[in-house]
Structures are given as structure tokens and as C-alpha cells.
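Since the structure of chain A is provided, determine the placement of chain B on it from the hints.
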Amino acid sequence: MSGFLHVTGADFASVAPEIVLCAAATLVLLLDAFARPLRAFLPYVALLSLALANLAGRDRTGTFFSGAVESTAFTRYIELVALGAVALAILGGAAALERDKRDQGEFYALLLFAAAGLILMVRGGDLLVVFIGLELMSLSLYVLAAWYRDVPAATEAGMKYFLMGALASAFLLYGIATIYGRLGTTSFGKLQAVASVPGVVAFDTMLEAGILAVVAGLSFKIALVPFHAWAPDVYQGMTTPAVAFLSTAPKAGAVLVLVRVLHALFPSGLSDPWRPFLGLLAVLSILFGNVVALSQRDLKRMLAYSGIAQMGYVAIAVATFTTDALEGACVFLAGYLVTNAAAFLSVAALSSGENAPKELSEIAGLGRRRPLAASVLTLSMISLTGLPPTVGFIGKLLIFRAAVDGGLVWLAVVGVFGSLVSVGYYLRVVYHLWMKEPVRDVSLVPDDVLSGAAFLLTAALMLLWGVFPRALLEVGRGAASALAGR
Amino acid sequence: MPFHPLGADLLTTLVFLPTLGALLLALVPGESKAAARAVGVATSLLTFGVSVVMLVRYDPTASGIEGFAIDRPWLPRFGIRYQLGVDGLALALVLLTTLLTVSVLLVACGQKIDKLKGYVASFLVLETGMVGSLVALDMILFYVFWEVMLIPMYFIIGIWGGKRRIYATMKFFLFTMAGSLLMFIAILYTAGVHSRTTGLLSFSVVDWARASASGAWSLAPGVEALLFGAFALAFLVKVPLWPLHTWLPDAHVEAPTGGSVILAGVLLKLGTYGLLRFAWPLFPNAAARYGPFLAVLALVGVVYGAWVAAAQKDMKKLVAYSSVSHLALVVLGIVAGTGAALSGAIFQMIGHGLTTGLLFLLVGVLYERRHTREMADYGGVASRVPVTTALFLIATLGSVGLPGLNGFVGEFLILGGVFQVRIVWAAVAATGMILGAIYLLTLVQKVFWGPETVPANRTLTDINGWELAGAFPIVVLIVLLGVFPRPLLNLVDGSVRSLQRPVAAAAATVPATASAAPAAEAGR
Numbered sequence: 001m002s003g004f005l006h007v008t009g010a011d012f013a014s015v016a017p018e019i020v021l022c023a024a025a026t027l028v029l030l031l032d033a034f035a036r037p038l039r040a041f042l043p044y045v046a047l048l049s050l051a052l053a054n055l056a057g058r059d060r061t062g063t064f065f066s067g068a069v070e071s072t073a074f075t076r077y078i079e080l081v082a083l084g085a086v087a088l089a090i091l092g093g094a095a096a097l098e099r100d101k102r103d104q105g106e107f108y109a110l111l112l113f114a115a116a117g118l119i120l121m122v123r124g125g126d127l128l129v130v131f132i133g134l135e136l137m138s139l140s141l142y143v144l145a146a147w148y149r150d151v152p153a154a155t156e157a158g159m160k161y162f163l164m165g166a167l168a169s170a171f172l173l174y175g176i177a178t179i180y181g182r183l184g185t186t187s188f189g190k191l192q193a194v195a196s197v198p199g200v201v202a203f204d205t206m207l208e209a210g211i212l213a214v215v216a217g218l219s220f221k222i223a224l225v226p227f228h229a230w231a232p233d234v235y236q237g238m239t240t241p242a243v244a245f246l247s248t249a250p251k252a253g254a255v256l257v258l259v260r261v262l263h264a265l266f267p268s269g270l271s272d273p274w275r276p277f278l279g280l281l282a283v284l285s286i287l288f289g290n291v292v293a294l295s296q297r298d299l300k301r302m303l304a305y306s307g308i309a310q311m312g313y314v315a316i317a318v319a320t321f322t323t324d325a326l327e328g329a330c331v332f333l334a335g336y337l338v339t340n341a342a343a344f345l346s347v348a349a350l351s352s353g354e355n356a357p358k359e360l361s362e363i364a365g366l367g368r369r370r371p372l373a374a375s376v377l378t379l380s381m382i383s384l385t386g387l388p389p390t391v392g393f394i395g396k397l398l399i400f401r402a403a404v405d406g407g408l409v410w411l412a413v414v415g416v417f418g419s420l421v422s423v424g425y426y427l428r429v430v431y432h433l434w435m436k437e438p439v440r441d442v443s444l445v446p447d448d449v450l451s452g453a454a455f456l457l458t459a460a461l462m463l464l465w466g467v468f469p470r471a472l473l474e475v476g477r478g479a480a481s482a483l484a485g486r
Numbered sequence: 001m002p003f004h005p006l007g008a009d010l011l012t013t014l015v016f017l018p019t020l021g022a023l024l025l026a027l028v029p030g031e032s033k034a035a036a037r038a039v040g041v042a043t044s045l046l047t048f049g050v051s052v053v054m055l056v057r058y059d060p061t062a063s064g065i066e067g068f069a070i071d072r073p074w075l076p077r078f079g080i081r082y083q084l085g086v087d088g089l090a091l092a093l094v095l096l097t098t099l100l101t102v103s104v105l106l107v108a109c110g111q112k113i114d115k116l117k118g119y120v121a122s123f124l125v126l127e128t129g130m131v132g133s134l135v136a137l138d139m140i141l142f143y144v145f146w147e148v149m150l151i152p153m154y155f156i157i158g159i160w161g162g163k164r165r166i167y168a169t170m171k172f173f174l175f176t177m178a179g180s181l182l183m184f185i186a187i188l189y190t191a192g193v194h195s196r197t198t199g200l201l202s203f204s205v206v207d208w209a210r211a212s213a214s215g216a217w218s219l220a221p222g223v224e225a226l227l228f229g230a231f232a233l234a235f236l237v238k239v240p241l242w243p244l245h246t247w248l249p250d251a252h253v254e255a256p257t258g259g260s261v262i263l264a265g266v267l268l269k270l271g272t273y274g275l276l277r278f279a280w281p282l283f284p285n286a287a288a289r290y291g292p293f294l295a296v297l298a299l300v301g302v303v304y305g306a307w308v309a310a311a312q313k314d315m316k317k318l319v320a321y322s323s324v325s326h327l328a329l330v331v332l333g334i335v336a337g338t339g340a341a342l343s344g345a346i347f348q349m350i351g352h353g354l355t356t357g358l359l360f361l362l363v364g365v366l367y368e369r370r371h372t373r374e375m376a377d378y379g380g381v382a383s384r385v386p387v388t389t390a391l392f393l394i395a396t397l398g399s400v401g402l403p404g405l406n407g408f409v410g411e412f413l414i415l416g417g418v419f420q421v422r423i424v425w426a427a428v429a430a431t432g433m434i435l436g437a438i439y440l441l442t443l444v445q446k447v448f449w450g451p452e453t454v455p456a457n458r459t460l461t462d463i464n465g466w467e468l469a470g471a472f473p474i475v476v477l478i479v480l481l482g483v484f485p486r487p488l489l490n491l492v493d494g495s496v497r498s499l500q501r502p503v504a505a506a507a508a509t510v511p512a513t514a515s516a517a518p519a520a521e522a523g524r
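Chains A and B, in that order, give the protein sequences.
With our numbering as the guide, the letters of the first sequence map in order to residues 1 to 486.
With our numbering as the guide, the letters of the second sequence map in order to residues 1 to 524.
Isolated chain A (complex conformation) (with noise of 0.2 angstroms):
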């Protein structure tokens, strides 16, 4: 614990991010505080302090802090997937804050802790500061989930987010207390050295309930069946630029954070009971979450019962967790991003509202009104289904390759499957924009630069990732085997 004393400048330079990002927070708090007429330009402050803090992330490697953070190709890739989300949360949702007499800087205040949280809790290289960050990022999720504090639907989502997720945080603890209890440390280098001696993992049944309870904890925060069941409340009460930040970047950062934990404990590879078990909150995630999406009737919940599924493909990575795996997860969860984030912020600007309902048929017929939204919502609902030439084709392709070369081929055809099945409900989301005609006169939230610019960069993301995805893998690559070198 000594080492703690000894904090050079170059430990503080590795957490320049956050450092930004939290700077920034404050600044944007106290400008909405003392300098009430500045408010519309909190999103352009907003949007540089997350170009800054991108800036300040490049091209450092090491450890740091004695171990306590680091900084990889691997923490790399999530600094880029968070400070993205919150972008793509900011550029869509501003104009519709605004009209709402929403904007107040917390808002943008709360997504940039949420994002140095998420930041922190990846580059954590102990559990501890793992569980910081997570409960750095958490906590700002909470409050925003409750942003539009007199609607009912968003008090309750905030609520159940916050009790359900204490309980999630209260497991993640106790397990890595657990861990702790029987190998003496929470650093995961340390980790990882104990247990590559043989047999001191494998049949520690203390130590497996320590294991099993983190990995219940995270999964809650990826909502993997049967922790998921927070998700489809928030998502429908929480106001939507929000959820396009909640429902992407904290899930890979859960993943990678599972990952990591994983290697750690597990250096040469998945032993038994896990394998099974992954593969298994796979299966029920895939088909769970594809069947209950068909019987929605509300977008957003829709879509969070498709953001179940989606991460079932994930879980198919982790359980295979080859190096070709972790890639392919990378690479799926990035595509994931940007075609979620396109979804929900195209299904904020078909509603006449935050307070509207989310309704299928409330969007009917409104391709001829609103033909950019409705493209990109229908482009993100091919790639959801992971049909080519999109992004989501992509990262299926690495994700069931590396499950069918790693002799997982009953998870790839579970998959599959489950792709069939979710033609169901993304299809019907482009029937009713296209080819249904509008039921009524719906007064839509009007166009404004700022999403209009978040359409067209998702809309070229899906698209270009998806036919030239060189760039992509790579990232996902130096990602994967940034951790697999440790």
C-alpha cells in the first residue's frame, strides 16, 4: 500500500482524461450556476472538453498509480467508445432538451462524470478502483434515468435503477471481497499470478460464489438474462438522449471490465463450470430477449429487450474467449454503439416529445415527413439485425466465426436463431415508417443542426464500418490483444 505514497507526474498524466472530464463537469456546473445566459453553449463546452479529454488519452501505455490504473490499447478502446457515446448523447439530444425547458447543465454535467467513471472503472487494474469507477458512473446514470423528475415513468425509472442497482453493486462488492478473502489481493496482476499456479482457482468453492457474485454484478449492469430485468423501466422512463449514452458505452464497459476479471482469474482460458455458464446467460439472453421484443408495442422497450439480445452475442465472445473472440466483441460492441446511439436518438426525433409515449404506431408513415430520422432509424434497425452491408453484420460475422472455430457451434446456431427472430420486430419498425400511412397529424420535434450532424456521422458509421472495416479491426485487435499480452 506504500506504493500509493509515491504519485510522480507521469501517474497523473495518465488520468488526464478524467481529469478533464471532471474539470470540465464542474465548469459546466458553475456556468449554469453563475452564468445562466451562457446555457446554450454548455453542449459546445460539453463536446470540446470531450475532444480534450481525447486528446489527452492518445498514445500513453503503462501502468500507473502502482498498479491501480493503466493505461493499454485495451483502456484505450473504451475511452474512445465512451467519449463517442457521450457525443453522440450531447449532439442528439440537446435541441430537444432545449425545447423541453430541460437543459440545464447537469444534464451534460452528469453524462462527462459518467463517462470518466465508466473510463476509470476499465483502466482500473484493481478490483477497487474498478468498483470506484463504476460507482462513479453509476451514480451520475441514476440521476439522469430521473431527469424529467415530474413525469411519473421517469421517477420510477430512476428509482428502480438505483435500488436495483445497489443490489447489483452490493454483489460486485462481496464477490470482490470474497476474492479477496481467498487470494490475498485485488490487484488483477497480482490476481493473475495466483492463479496461474494450477488448481488454486478451480476447485475453491469460497472463492467460486466470489466469481459468481461479480459476475452476477456485472452481467446486472449488462442486463444478460436473468439480471436484466431493470432494463426495459429505464429505458422507457429515462429521457432518450440519455438512454442512447446508458444502453451502449456502460455495457461495453461492463464487458470489458467481465473480461478483464476473467483473464485475470482464468490466464489460460475459461475452465468448466464458466464456459457452460456464459454460454448458458447467452442462450437465455439471445432468446429471451428476441421473443419478449416481438410483443412490444413501445419503442423503447423494444429496444431494450433488443439490447438483451444484443448482448447475448456478446456473451457468445466472452464464454468462447479466444483472442479472435475478444476482438470480434470489441468490434460488435462498437458497432453497437453507434447503431443503438442512431436508434435512439432517430426515435426521440420521430416522437412529438419526451413526455410523449414511444409508441410503434405513433410512427407510422413518417418516412415521408422526416426521411433522414426515419433512414437512420431504419438503417440501424438492419444493423441490429446484422444484415450486410452494415456494421452489425460485422461484428456478428467475427463474434459467430470465433464461437464456430472455437468449437462453440451450438452458440453460433443459437445466434443465428436468434437473428431470425428478431427480423420480427426491426422489420416492423420500417413497415410502420414506410409503409403504413400516418394516423394522425403528429407535431414532431423540429429539425436542428446539432442531430442532424449525429444522424448523418451514425448513418456513415453503420455504413462505412460496414463495407471498409479494416480501420475498426484493427482497433479491435490492438484491444484484444492488449489484454491477452498482459
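I should point out that these hints are in silico values taken from the structure, not numbers from a laboratory.
By construction, the Cβ of each residue, glycine as well, lies at the ideal position given by its N, Cα and C atoms.
Warning: the hint list may mix true and false statements.
Unchecked claim - So the derived list for chain B, only partly shown, Cβ under 10 angstroms to chain A, looks like this:
hint, residue
1, 73
2, 118
3, 170
4, 184
5, 188
What the hints assert, rightly or not - Simulated coverage check for chain A against chain B, where a stretch passes if three residues somewhere in it have a Cβ under 8 angstroms from a Cβ of chain B:
hint, region
6, 413 to 420
7, 464 to 477
Unchecked claim - Cross-link-like lysine-lysine pairs, in silico, BS3-like; alpha carbons within 30 angstroms at most:
hint, chain 1, residue 1, chain 2, residue 2
8, B, 33, A, 436
9, B, 313, B, 112
10, A, 436, B, 163
Here is chain B on its own, set in the frame of chain A:
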């Protein structure tokens, strides 16, 4: 074959030119009909021109599938390549595709179509998918193009279709996707097998076929059967072979004219193309083992399709079921696998694309004017629409297999080839042909001949200029191919020869396997 520096670019141009046109249309603001017409016709004509240039430059004596080959890395670490190439078979189907697309877009100019811009753009994207599927040699690339076809077709049926269009388009989508998803897993698995046994990470069908032919990958019979099954299922759904055909009548009836033409003319052929290009060459042992089983399904399809077609009152449904029957005959030819049967099957693929495409086009011409497809709503309209009647008769006679028109050549070759393998198969298939003559001629008789019974038909106008421009080239080809089948047969001869070898050997063992199988089971 000499290397063409321009040839490499030709294939890429051919595949992506239509998409370029669609993108151009997306940039046109508003609903400009003139722009949609101009871009649609110009792009499809240019694409057709490119395919004709390829035909002129193609060397029919080459036997490989690397004509105009282009091979660049796409996802190099996974051995996935941007590999394109054609042989005679692919080139013939490419020409059919580009020609029918021109026809469809010309006809669209002459008819009242709502949201024409989206309609044209959908067909152009669809053309990229179809041509891409035909020229892709990398399995993942092929799968990408194969799936790319789904979305535009979904829109074409779902937006511009008839009353039950949503049901029909969803059924089409789900059937096709269900088939192809298992093939996707099989592709991934086969690539794994290939890299383990040969040490080469490749998704190229050229490499795979080589490994399969040389025995470098020796698949366990059970595994090969599963892989063959997954591939065959994907393609047989598309063909569609009885009993997987149920989506087809719905899709055809509900699709707009252009959708039906492309569906019958090209998409179904991609199913038989997939069998010829992938399922048979890659898994010859399983194909030989289960071929007879498919032949039985095909025979059921030949008779069933004809029988059901004879009972239809709706013109489109009738033609749709006739497709089920005719394509089952093509599958039978593929299973038989002799040189004559394969030549006939390929010839019939082109021939059926032309005749059935034309039939759907002309039914669409009538529907555009009267908004009904019931045969009972017409009758004796020959005097009102003489040109349409003449064209319809040619298409029908071509489809029936009248000597001098293209259908005869294909059917005769298939039946002759099948006869060499199994006389019974040929006999059953021939009855299907006889039924075909009955229901198709009845169709002509009920719609065009006889006394004029329905007063509403008095105002029926004949085919207009745009529509005629779309139909005329097809008619010319129907006659030309019937009188001079040699050029097309020469074109696909190399493909037939390369396909024939393993299959002919397999066909020779058909009776042996059939009789040996029970014995082997008894031995166990």
C-alpha cells in the same frame, strides 16, 4: 486467357454502377419523375452495356471461374477477400440480370407508379446485390451480396405491392433469411475445416473447390451431409423446391410488376446457381448421396406445381406455380448431372428467366389497365390488344417448350440427360411438361381468345411504347435462343464441363448407393 488490365475494373464497375445510380437518385431532392426515369434507364442501360462488353471479351474456351478475375484483400487477417470472377454460367446470368433490370425500369417509365424515385433506387440496389452474388468468388462476399438483395426486395413488395403485401414481403424475407443463416454458419465452419486441413485461411470458393476435388479436406460423411444440407437449404428455399415453395405464390401475387419479373427472372435462378456453384462442387459426396432424395422432391415439385397452376384463377398465381414446376425440372437436371442435363438446366435457367419474366411483365401490362388479375375478368381481349396478345403467345409457347423457341431446347436437353440416368425420373418429369402445355394454353385461351365477355374490357388499350421497349428485347431473345441455341450453349460449355466431372461420376453411382444403403444399414 490473356489478362485484361481493364477487365479487372469491368467487374467492379458492373457490380457498383447501379448503386452509384441509386446514390445519385438519393441526392435528387423532391419527387422528380423525370429524374427518376432518366437515372434509372441510363444506369441500367450502362450496366447492361458493361455486361455486353464482358460478353464480347470473354473467352468461352476458358474453363475456370476466374474470367476478368479481381482479387484484393478485404479482411486480410480472416482470409476474406474481395474476389470476383465469372465463368460462362455466371456471365450468362449476369446478362439476364442486367437485361431484365433494363426492361423493368423501362416498363416502370410507362406505368403509373407512386414514389417512382424510391422504386427505381430499390431496383438499382437490388441489381448490385444480384450481380454481386453472381460474380463473387469469396464466400463471405457472396453472402454479403446475397443478403443485400433482401432489403430492396422487401421494400419493393412492401411499398409497391398489392393488398396483402406486408404478409407476403415478411414471408419472403423470413423464408430466405432462415435458409441463408444456416448456410452462414456452414460457411464459417467450412473455412475452419479448410484452414485446418490445408493450412490456408481462405473463404474463396476457388480454393475450397480445389481442396474438395483433391481430397485435401476429407470431411466425415456426417459433417459433409450437414454442410451440404445447410448450403442446399439456403438455395432450395430460393429456387424454391417443393415443399419450401410456399412463399413464392404470395410474393409473386403481391409484388408489383417489376418485382415479379425480377423475382421470377433472376432471384429464383440464384438458387439454382448456388447449387451449381457451391453446394455440388464443394460437397460432391453428400450431393451424390442425397441427390436422389432431392430428385424425388423435384419430381413432386414438377407435377405438383403444374397441377396447382392448372387450378388457378389468378394469372400471376398461375405463372408463379408454373415457375415452381419449371425450376423443379432445373433442379432435376442438376441432380442428374450428365453433360446434357446440366447444359439443359443452365439453358432452361436463362430461358425460364426470359419467358416467365415476359409473362409477368405482360400480366402487369394488363393489370395496369384493369387492376385485376382474375382470368374471368378478361376473355376475348385479343382484338383490343393485338400486340400484347402476340407477345403473350410467344412467351407462353416459349414456356411450354414449342420447338423453335427457347423453352424447347432446355427441356429437351434436361429430359434427355435425365433419361440417361433414370428413365422413371424422365417419364414423371415429362408428364409435368404435358400439364404445363395444358394450363398455359388454357391461360391464353381464357384471357385473349373467344368472345369478348366483359364490357369493361372495351376500353382496354394496347401496350404502350415504354412497355414495348421493355418487352421487345426479351421476345427477340426468346426466338433467337430457340433458333440458335449454340452460342449460349458454347458460352456455358466450360462451366458444364467443370461441373460434369464429379457429378457424372456420382450419377453413375446412384443405383449403387441406393441399393447399397439398406445393406449397409443392415450390416450395422
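Going through the hints against the structure:
1. 73: holds (9 angstroms)
2. 118: holds (9 angstroms)
3. 170: This hint holds: residue 170 of chain B lies near chain A, its Cβ roughly 7 angstroms from the closest one there, short of 10 angstroms.
4. 184: Given a least distance of 6 angstroms, the restraint on residue 184 of chain B holds.
5. 188: Interface hint status for residue 188 of chain B: holds (4 angstroms vs cutoff 10 angstroms).
6. 413 to 420: holds (count 5)
7. 464 to 477: With 4 residues closer than 8 angstroms to chain B, the region 464 to 477 of chain A meets the three-residue bar; holds.
8. B:33 with A:436: Holds, because 22 angstroms separates the two Cα atoms, which is no more than 30 angstroms.
9. B:313 with B:112: Holds, because 25 angstroms separates the two Cα atoms, which is no more than 30 angstroms.
10. A:436 with B:163: holds (12 angstroms)
Violated hints: none; the structure is consistent with every hint.
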